[in-house]
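Peer 1: Sequence:
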Amino acid sequence: MDADNGRVLTVPPAAASSVVVDGAAAPKTAEKPARRGPVAHIGQLTGIRAVAALWVLTFHFRPELLKAFGFLYPLVPVFNVGYLGVDLFFVLSGFILTLTHLDRMAENWGPKKMAGFLWLRLSRIWPVLFFMLLVWGAYHAFSVEANNDGRLQAALDPSRFLSHVFLVHAWSTAHHDWNPVDWSLSAEWLAYLVFTVLVVILARMLVHVSSRALLVTAGVLTVPMVVIGTGFQDGSDLLWNGDTIVAGIVPLRVLTEFFAGAVVALLVMRHGSTVKLPWFLKPTTILVAIVVVVYAVQRWDPAPRFRFDQDWRINGHLMWGSTETVVVVPLFLLLIGSLAVSRRDPATRLLASRVLVWGGKISFSLYMVHWLFLDLARKMIYSKLAIPEQLSGWQSWPFRTTVLVAIGLAVLSAHLVYRFVEEPCRRIMRTLLPSSMRV
1 MDADNGRVLT VPPAAASSVV VDGAAAPKTA EKPARRGPVA HIGQLTGIRA
51 VAALWVLTFH FRPELLKAFG FLYPLVPVFN VGYLGVDLFF VLSGFILTLT
101 HLDRMAENWG PKKMAGFLWL RLSRIWPVLF FMLLVWGAYH AFSVEANNDG
151 RLQAALDPSR FLSHVFLVHA WSTAHHDWNP VDWSLSAEWL AYLVFTVLVV
201 ILARMLVHVS SRALLVTAGV LTVPMVVIGT GFQDGSDLLW NGDTIVAGIV
251 PLRVLTEFFA GAVVALLVMR HGSTVKLPWF LKPTTILVAI VVVVYAVQRW
301 DPAPRFRFDQ DWRINGHLMW GSTETVVVVP LFLLLIGSLA VSRRDPATRL
351 LASRVLVWGG KISFSLYMVH WLFLDLARKM IYSKLAIPEQ LSGWQSWPFR
401 TTVLVAIGLA VLSAHLVYRF VEEPCRRIMR TLLPSSMRV
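Sequential numbering from 1 applies to the sequence shown in the working numbering.
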């Protein structure tokens, strides 16, 4: 999960339709699109980050939320597939980075441009990752000391710590450890490395490939993950086979979705300022379609296959999300592209609201910190010392309060980490990069 908080960009009118008109392929002698000038902030693409981060958070907190607040049961199908928020981030990341870096990286492409791009990406994700590794290390060490929990010794393995530091920990089938959610940063780092090489191909596609072919390419890139994902066990998070991460699934998931988003960005760069979307391609319509598909697939799951063969229910509500809902990933492409070119749609206005734009800015930090507070909450909830047995019923106010406080502290901590770790460290790292290497 990447973080370009508050700096999502769009194409100005002057750069639009400079290569292909009405979907026709430009001749091979077509001139290179003009270098883009100053670009504008798109609040709705920052706001959608808040939605994706909250989707992941509610997915992880869903057992506690549903046990504490019964009125949330109608949202079970949405909560159960909150892991798809990560897929939404992968698509969005490929879209944004292509939109903002394609011109400058493809021009005079070489080692300096590649290294500069990668350093700028590190400045965005690495400080928070490293900070949270230190926090989790201290937390695990305290747990080992205080609880004499030998199971945590494995989590303090120095080699695994270093694999996190170098962002390669998710490239294998090792279990999630230290900060369990930062596997997606390792996945994105892989996508960044590949992007530095394929950016030249993307630039040539913008000039020489027709819009119809680009649209087909984006769709084809989503096929492998959809096909493979539908064969997973329900509740697998699109990663697991039982208690084992499926070999190769992380690279497949991030690279296909990231570059599908990149191809959609090419379409927006080509037609973004002039396109007139029909009603069925408006952001509100696509959002409704995503929700309908999520509910419909889980209501009529074509092949129920429970993870661990466990029929996990809370008050009769199944907690395993149907992996067939991965079919919404192509709709994510339509959603991001539609949001980028829509201004007056109700969903666009909502996502561009001040609260959601703020949420988008802290979304990366929220993603990185929320599991710590979930772990703390669960230890308090299930500790008879913290919550006496006579008060520990699922509907008790102590239980509800603990859940709400944990989520509230996660949001507050995310804001503080964004303000005092993420942004200051990003600025410092950017100043260390020579101007000749800046993208």
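No lab work stands behind these hints: they were computed from the structure. Ideal Cβ positions, reconstructed from N, Cα and C, are used throughout, including at glycine. Hints are supplied without guarantee of correctness; some may be wrong.
To be verified - Computed beta-carbon distance windows for the label pairs:
#1 Gly70 <-> Arg160: 38 to 46 Å
#2 Gly70 <-> Leu432: 18 to 26 Å
#3 Leu432 <-> Ala141: 27 to 35 Å
#4 Arg430 <-> Val168: 17 to 25 Å
To be verified - Result set (SDA-like, lysine to any residue): computed pairs, CA atoms no more than 25 Å apart in a straight line:
#5 Lys112 <-> Ile428
#6 Lys112 <-> Val168
#7 Lys67 <-> Met319
#8 Lys379 <-> Thr100
#9 Lys379 <-> Lys112
#10 Lys112 <-> Thr100
#11 Lys112 <-> Pro346
#12 Lys112 <-> Ser123
#13 Lys282 <-> Ala213
#14 Lys276 <-> Leu331
#15 Lys67 <-> His317
#16 Lys112 <-> Ser436
#17 Lys379 <-> Thr217
#18 Lys282 <-> Lys67
#19 Lys282 <-> Val292
#20 Lys379 <-> Val292
#21 Lys379 <-> Leu416
#22 Lys112 <-> Thr196
#23 Lys67 <-> Asp301
#24 Lys379 <-> Lys282
#25 Lys67 <-> Leu404
#26 Lys67 <-> Arg307
#27 Lys282 <-> Asn241
#28 Lys282 <-> Met114
#29 Lys379 <-> Val411
#30 Lys276 <-> Pro346
#31 Lys67 <-> Val421
#32 Lys379 <-> Val405
Peer 1: Does Lys112 pair with Ile428 here, judged by a C-alpha cut-off of 25 Å?
Peer 2: 19 Å, holds
Peer 1: Taken at face value, is the distance from the CA of Val405 to the CA of Lys379 at most 25 Å?
Peer 2: Roughly 14 Å separates the two Cα atoms, so the pair holds.
Peer 1: Are the Cα atoms of Lys67 and Val421 separated by 25 Å or less?
Peer 2: Violated, because 34 Å separates the two Cα atoms, which is more than 25 Å.
Peer 1: Can the suggested window of 38 to 46 Å be confirmed for the beta-carbon pair Gly70 and Arg160?
Peer 2: 40 Å, holds
Peer 1: Taking 25 Å as the top limit, are the C-alpha atoms of Lys379 and Lys112 close enough?
Peer 2: 48 Å, violated
Peer 1: Please verify whether Lys67 and Leu404 have alpha carbons no more than 25 Å apart.
Peer 2: 12 Å, holds
Peer 1: Is it true that the CA of Lys276 sits at most 25 Å from the CA of Leu331?
Peer 2: Between Lys276 and Leu331 the Cα gap is close to 18 Å, so the pair holds against 25 Å.
Peer 1: Keeping to a limit of 25 Å between CA atoms, is the pair of Lys379 and Val292 held or broken?
Peer 2: 36 Å, violated
Peer 1: Is the hinted pair Lys67 and Asp301 satisfied, with a Cα-Cα distance of at most 25 Å?
Peer 2: Distance ~24 Å between Lys67 and Asp301 Cα, so the pair holds.
Peer 1: Hint check: Lys282 vs Val292, CA-CA at most 25 Å. Holds or violated?
Peer 2: Since the Cα atoms of Lys282 and Val292 sit roughly 15 Å apart, the hinted pair holds (cutoff 25 Å).
Peer 1: Does Lys379 pair with Lys282 here, judged by a C-alpha cut-off of 25 Å?
Peer 2: 44 Å, violated
Peer 1: Going straight from one Cα to the other, do Lys112 and Thr100 come out at no more than 25 Å?
Peer 2: 17 Å, holds
The structure shown violates the earlier hints numbered 2, 8, 9, 11, 17, 18, 20, 24, 27, 28 and 31.
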